[in-house]
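K.L.:
Residue strings, one per chain:
Protein chains: 2
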Amino acid sequence: MQRDKNIFQCRERVVSMVRNQSQGMDADAMEQFMQAAIQEARQGLSEGGIPIGSILVIDGTIVGRGHNRRIQKGSAVLHAEMDCLENAGRLGYHDYRRAILFSTLSPCDMCSGAVLLYKIPTVVIGENQTFQGPEDYLRSRGVELVILNDGECIRMMKDFIAGNPKLWNEDIGEE
Amino acid sequence: MQRDKNIFQCRERVVSMVRNQSQGMDADAMEQFMQAAIQEARQGLSEGGIPIGSILVIDGTIVGRGHNRRIQKGSAVLHAEMDCLENAGRLGYHDYRRAILFSTLSPCDMCSGAVLLYKIPTVVIGENQTFQGPEDYLRSRGVELVILNDGECIRMMKDFIAGNPKLWNEDIGEE
Numbered sequence: 586m587q588r589d590k591n592i593f594q595c596r597e598r599v600v601s602m603v604r605n606q607s608q609g610m611d612a613d614a615m616e617q618f619m620q621a622a623i624q625e626a627r628q629g630l631s632e633g634g635i636p637i638g639s640i641l642v643i644d645g646t647i648v649g650r651g652h653n654r655r656i657q658k659g660s661a662v663l664h665a666e667m668d669c670l671e672n673a674g675r676l677g678y679h680d681y682r683r684a685i686l687f688s689t690l691s692p693c694d695m696c697s698g699a700v701l702l703y704k705i706p707t708v709v710i711g712e713n714q715t716f717q718g719p720e721d722y723l724r725s726r727g728v729e730l731v732i733l734n735d736g737e738c739i740r741m742m743k744d745f746i747a748g749n750p751k752l753w754n755e756d757i758g759e760e
Numbered sequence: 586m587q588r589d590k591n592i593f594q595c596r597e598r599v600v601s602m603v604r605n606q607s608q609g610m611d612a613d614a615m616e617q618f619m620q621a622a623i624q625e626a627r628q629g630l631s632e633g634g635i636p637i638g639s640i641l642v643i644d645g646t647i648v649g650r651g652h653n654r655r656i657q658k659g660s661a662v663l664h665a666e667m668d669c670l671e672n673a674g675r676l677g678y679h680d681y682r683r684a685i686l687f688s689t690l691s692p693c694d695m696c697s698g699a700v701l702l703y704k705i706p707t708v709v710i711g712e713n714q715t716f717q718g719p720e721d722y723l724r725s726r727g728v729e730l731v732i733l734n735d736g737e738c739i740r741m742m743k744d745f746i747a748g749n750p751k752l753w754n755e756d757i758g759e760e
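Those protein sequence lines, which keep their order, are chains A and B.
So that you can map any letter, position 9 of the first sequence is 594 in my numbering, and since no number is skipped, the others follow by simple counting.
So that you can map any letter, position 76 of the second sequence is 661 in my numbering, and since no number is skipped, the others follow by simple counting.
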């Protein structure tokens, strides 16, 4: 019973921490938005693409959705986050400053750079176990990162990388 | 005469330094490739766009050209360098590792991130007077930068920014 109480208190602290950090968004809402990003990743996979998805949220509303389109469009720049930002269209400084970017995978150098360019204050990351971008650098530039390490995000990437190592290396600029 | 000789020796040292640093490319070739990037910037301007151009060179051959297409395509991601990388198509690690990216303007956080993602070893920059991206960070990650501060590149940007301050701020994520 004491143990249960401790676990409960611990969970509350985590939820409270997340709420305070992430523009008032609670953990349940965060999980829900991550599901929308996972849906994008699944959509990409169903098109024969790399299963990474992303959404952009402003004031609790999804304003952009995207997924990696390297294969589908023969694209060198349309990682999920870039596709999402592109689909959200031309936004202004005050839009991006209220935005939260969700990505099923830790953003690479390019996508992290886009976050910095537009001064998006918060990035919620599905997982950083199969790949990790420049997270410390993002933090040093004032970006808040929330890392969920969601089991479904990890499984999708592990399966894809195991089956397509060459394509995966191309996507992250590795040999 | 002595002064002329000193100037000559000084120029030789600069050319030699550039040659040693930049994958064997000499200063004249570098100027010539920058002219191709400037041509892209002019093309963008003639389309009603932001006058920034970029080219990608591998083994002395232009393999990609691009210019900023924010206005033309309503794009949030097609800065000149990104457009250039996209137009160069899907390349592999060994291609990018032999590449030199030319840009008429110092690359922003996003475009610098793309350079880091693909491990492009050298970036030749037309100018960094009207805008400066994260140059020190690029250097700290091992990227060689050659900064020309070309008069035509500076003039194009100064004129554009003076006439379109709001649009320019949108392009670099400023208020």
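A few of these clues could be false.
Because identical chains share one entry, a pair is satisfied inside a single copy or across any pair of copies.
To be verified - Cross-link-like lysine to aspartate or glutamate pairs, in silico, DMTMM-like; alpha carbons within 20 Å at most:
hint : residue 1 : residue 2
1    : Lys751    : Glu737
2    : Lys704    : Asp721
3    : Lys704    : Glu720
4    : Lys658    : Asp735
5    : Lys751    : Asp611
6    : Lys704    : Glu759
7    : Lys658    : Asp644
8    : Lys704    : Glu760
9    : Lys751    : Asp613
10   : Lys658    : Asp611
11   : Lys658    : Glu737
12   : Lys751    : Asp644
13   : Lys743    : Asp611
14   : Lys743    : Asp721
15   : Lys751    : Asp680
16   : Lys751    : Asp721
17   : Lys658    : Glu729
No lab work stands behind these hints, which were simulated from the structure alone.
Everything numeric in this text was worked out from a predicted model, so none of it was measured.
K.L.:
Are the hints correct? Go through all of them and say.
P.N.:
Each hint, compared with the structure:
no., hint, result
1, Lys751 - Glu737, "neither (22 Å within a copy, 42 Å between copies)"
2, Lys704 - Asp721, "both (16 Å within a copy, 19 Å between copies)"
3, Lys704 - Glu720, "both (15 Å within a copy, 18 Å between copies)"
4, Lys658 - Asp735, "neither (28 Å within a copy, 35 Å between copies)"
5, Lys751 - Asp611, "neither (38 Å within a copy, 35 Å between copies)"
6, Lys704 - Glu759, "between (27 Å within a copy, 9 Å between copies)"
7, Lys658 - Asp644, "neither (31 Å within a copy, 26 Å between copies)"
8, Lys704 - Glu760, "between (31 Å within a copy, 10 Å between copies)"
9, Lys751 - Asp613, "neither (36 Å within a copy, 38 Å between copies)"
10, Lys658 - Asp611, "neither (36 Å within a copy, 36 Å between copies)"
11, Lys658 - Glu737, "neither (25 Å within a copy, 35 Å between copies)"
12, Lys751 - Asp644, "neither (39 Å within a copy, 24 Å between copies)"
13, Lys743 - Asp611, "neither (28 Å within a copy, 45 Å between copies)"
14, Lys743 - Asp721, "neither (23 Å within a copy, 35 Å between copies)"
15, Lys751 - Asp680, "between (37 Å within a copy, 15 Å between copies)"
16, Lys751 - Asp721, "neither (27 Å within a copy, 32 Å between copies)"
17, Lys658 - Glu729, "neither (31 Å within a copy, 31 Å between copies)"
Hint violations for this structure: numbers 1, 4, 5, 7, 9, 10, 11, 12, 13, 14, 16, 17, all remaining hints satisfied.
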